[in-house]
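2 protein chains.
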Amino acid sequence: MGRKIIFVGVGLVMGKKIPFKLLISREEALNLILKHVKPVERKEKVGIEELVGRVLAEDVQANISVPSFDRAAMDGYAVRAEDTYEATSTKPKILRLVGVSTVGKPVKRRLEKNECIQVATGSPIPPGADAVVMLEFTEKMGETVYVFKPVYPGANISPMGEDIKKGETILRDGDLLTPAKVGVLAALGRREAYVYEKPKIAIVPTGTEVKEPGSILEEGQIYDVNSYTLISVLSQNGCKPVRFPPIPDVFDELDKFVKNLVNYDMVVFSGGSSVGEQDLLEKVVKKSGEILFHGVQIKPGKPTLFGLIDGKPVFGMPGYPTSCLSNAYLLLVPAVRKMARLPPKPKQVVKAKISQRIVLGSGREQFLTVKIQDGKAIPVFKESGTITSMTEADGYIILPVNLDVLEKGEEVEVTLLE
Amino acid sequence: MGRKIIFVGVGLVMGKKIPFKLLISREEALNLILKHVKPVERKEKVGIEELVGRVLAEDVQANISVPSFDRAAMDGYAVRAEDTYEATSTKPKILRLVGVSTVGKPVKRRLEKNECIQVATGSPIPPGADAVVMLEFTEKMGETVYVFKPVYPGANISPMGEDIKKGETILRDGDLLTPAKVGVLAALGRREAYVYEKPKIAIVPTGTEVKEPGSILEEGQIYDVNSYTLISVLSQNGCKPVRFPPIPDVFDELDKFVKNLVNYDMVVFSGGSSVGEQDLLEKVVKKSGEILFHGVQIKPGKPTLFGLIDGKPVFGMPGYPTSCLSNAYLLLVPAVRKMARLPPKPKQVVKAKISQRIVLGSGREQFLTVKIQDGKAIPVFKESGTITSMTEADGYIILPVNLDVLEKGEEVEVTLLE
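Going line by line, the protein sequences match chains A and D.
When we follow the working numbering, the leftmost residue of the first sequence carries the number 490, and every step to the right adds one.
When we follow the working numbering, the leftmost residue of the second sequence carries the number 490, and every step to the right adds one.
It is possible that some hints are incorrect.
Same chains, same label: a pair holds when it works inside one copy or across any pair of copies.
To be verified - Each computed BS3-like pair below joins lysine-lysine, with the alpha-carbon atoms no more than 25 Å apart:
| # | residue 1 | residue 2 |
| --- | --- | --- |
| 1 | 871 | 860 |
| 2 | 834 | 801 |
| 3 | 655 | 860 |
| 4 | 534 | 729 |
| 5 | 776 | 524 |
| 6 | 594 | 700 |
| 7 | 597 | 897 |
| 8 | 834 | 860 |
| 9 | 654 | 871 |
| 10 | 629 | 772 |
| 11 | 801 | 527 |
| 12 | 842 | 827 |
| 13 | 700 | 534 |
| 14 | 638 | 776 |
| 15 | 532 | 842 |
No wet-lab data here; the hints were simulated from the structure.
Note that the coordinates shown come from a computational prediction; the quantities given were computed from them, not determined experimentally.
Here chain A stands alone, though its shape is the one from the complex (with noise of 0.2 Å):
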């Protein structure tokens, strides 16, 4: 054994088993996978009460102008502005009342000098007048008002189209339907609306070891945990996963699976890309498709694959639960949010000084789970196999891949998680 071994960074040997050819940084890798994935384009029509959350896909015009006639924006009276003038709150104007306008039951009689009528907010505003004086500022006496203030022409009326007006585009293919869009569609009078279809996302477990939560494990066996922290964190992410039993790490079987998955816009395994798995999914994707990468320069979370078979996005998220969780945050979300044209995902980040010092070094960007306690982050990691790494935690630290200690208490960004 001669042979000279070189260490090259850290964990990373020069010579035959260089585990993963070429890590990419999680921004170039994050850029690679945003170029290749696709908004959905299948739109449906949803019910208005289901609407809030989807995506427009369409752009709405105003069939009517809101409000459809001008009316009181107050409880008063609906006056010519002009009989108003002189009133004082000592020497009032006084008017003749002429009616009451009710929204089910419209005045359609001219007003006439110094006259009114009755209106409530919402009422349609008889013809002749011009103003609305609010009630406040009157007083009734059978069929006489008194008016203790002026009004100008206009006041406390609104008027025709004042919210939307006959045929202005008034939302657009695109639009995030927020409650506020949802009430504009209603003021329309709609029942329904087009929207882009949620992205359908094959959720893939693999692993021979992998077993169905609800069944008895035998040694050396685990349950599926990466399925349902994806499906969750999809579901919230506006789209519609749907779960595939475990494969096992067998060529064949994953060769199978993956000719017959044109019913998604997307299949996410879990498992089955690190090297210990023999890279079985990066053969079977390099024999359907294309790698784009395998490999990101980040802990954990480095046994990442991502790739296209007939174009479609396929990502191999590693094994480990926080691996795999993480990095369905950081890489997932931003691709599946793209599909479902959402907006990129908010984040909440608040500033906090760290709990003890942490040496780095990995080479790669540091995922780092923490738990906020007293302005203080709190690291909570464990381990990237242990899900309660990331259950415990109040959100996440990302370090960069030059940085090589931490000293206590220096201030850190915490993205929170939800």
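Following the hints, put chain D in place on chain A, whose structure we already have.
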């Protein structure tokens, strides 16, 4: 008309026609609401694929350890650590390969001196072995393995129970099920869990003029907007909203309705709570229960009512779409999240400079919708009747009751809308 009218504050007249006897501050209103809203007690069993975002209604004790066996944390060779102590990169230790432990087929044979067994990440560690040498630091030639680096006992092994110890209470009643917590349930082999039911909220539009979307409007009529904005907001906040068709502003109809609410945890009326509608809802609630407040010191949104019927919370939201929706965010969301046992909604706040001078002095707090552009907060509020005041907004500012003028360029805190 010699009667003296005294103005107190703005818009509030002391005398016969006080529109709301007592406006309470938003803070007081919120405290009263939260005091009277009770978390839902009913539980339901939900399948693991639907658990994310739900609130756990049981303590979860680990019925197994995770992992349930000592396993390799790296690809490499299981060894007795002491056999490697003298290895160097130029003088490797020589071990004899006596088997392969895979997840499917664990090795039962005890490891003897200077033996090793090949393992992949996740493989069970064979008896006698106490460490794993990473693949990168080895070289295999037939049955011989060269080890170029020593390992300490325990190195690269995830011991049984490292993640979760059998018997440990790993999740608790009241926990919000994040993707990671769903993962913990999966790791324990759970297929379902008990969670608290979503609060069932009756959404009831009132007003003779309010019509169903899809119907034909006559003069003076408008489509029901508030039901759909409320349904949207409530379904985004852990509730199950159920909408009723509009009820006309008629005492008997409302009175009959409130007697039939036994299946709902809360009732939210919209419209029917301003003076013009003769305080109908207030009368209806008073007859069967009690009013806790009617009138909030906020603009828009003053005519908001809160009461109890048979201990059940009843909201009367303003009829105007913006007022209804803004108070839904400010008052209703905290209420229903408490009911659903969800933590307070995280607020996304950004700082911006107000783009124009704003003169206040309504005697109420002001909820002002703004658009954010180039670090400037540009008011987009039109009028409380206009739903588009909300659709064009990125967020809102709350201006305090005692603020007179906000000068152009002053910094404001904008709470982002989703």
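The hints, checked one at a time:
1. 871 with 860: Close inside one copy (13 Å), not across copies (43 Å); limit 25 Å.
2. 834 with 801: The answer is within: 23 Å in one copy meets 25 Å, while 36 Å across copies does not.
3. 655 with 860: Answer is between; shortest inter-copy Cα gap is 23 Å, intra-copy 53 Å.
4. 534 with 729: Cα proximity of residue 534 and residue 729: in one copy and across copies (16 Å, 22 Å).
5. 776 with 524: The answer is within: 22 Å in one copy meets 25 Å, while 63 Å across copies does not.
6. 594 with 700: between (68 Å within a copy, 15 Å between copies)
7. 597 with 897: neither (78 Å within a copy, 45 Å between copies)
8. 834 with 860: Classified as both: same-chain Cα gap 21 Å, cross-chain 19 Å, threshold 25 Å.
9. 654 with 871: between (59 Å within a copy, 14 Å between copies)
10. 629 with 772: between (87 Å within a copy, 23 Å between copies)
11. 801 with 527: within (9 Å within a copy, 48 Å between copies)
12. 842 with 827: Intra 33 Å, inter 31 Å, cutoff 25 Å: neither.
13. 700 with 534: Result: close only across copies, 22 Å inter versus 38 Å intra.
14. 638 with 776: This pair counts as neither: shortest intra-copy Cα distance 83 Å, inter-copy 36 Å.
15. 532 with 842: Classified as neither; 47 Å inside a copy, 40 Å across copies.
The structure shown violates the earlier hints numbered 7, 12, 14, 15.
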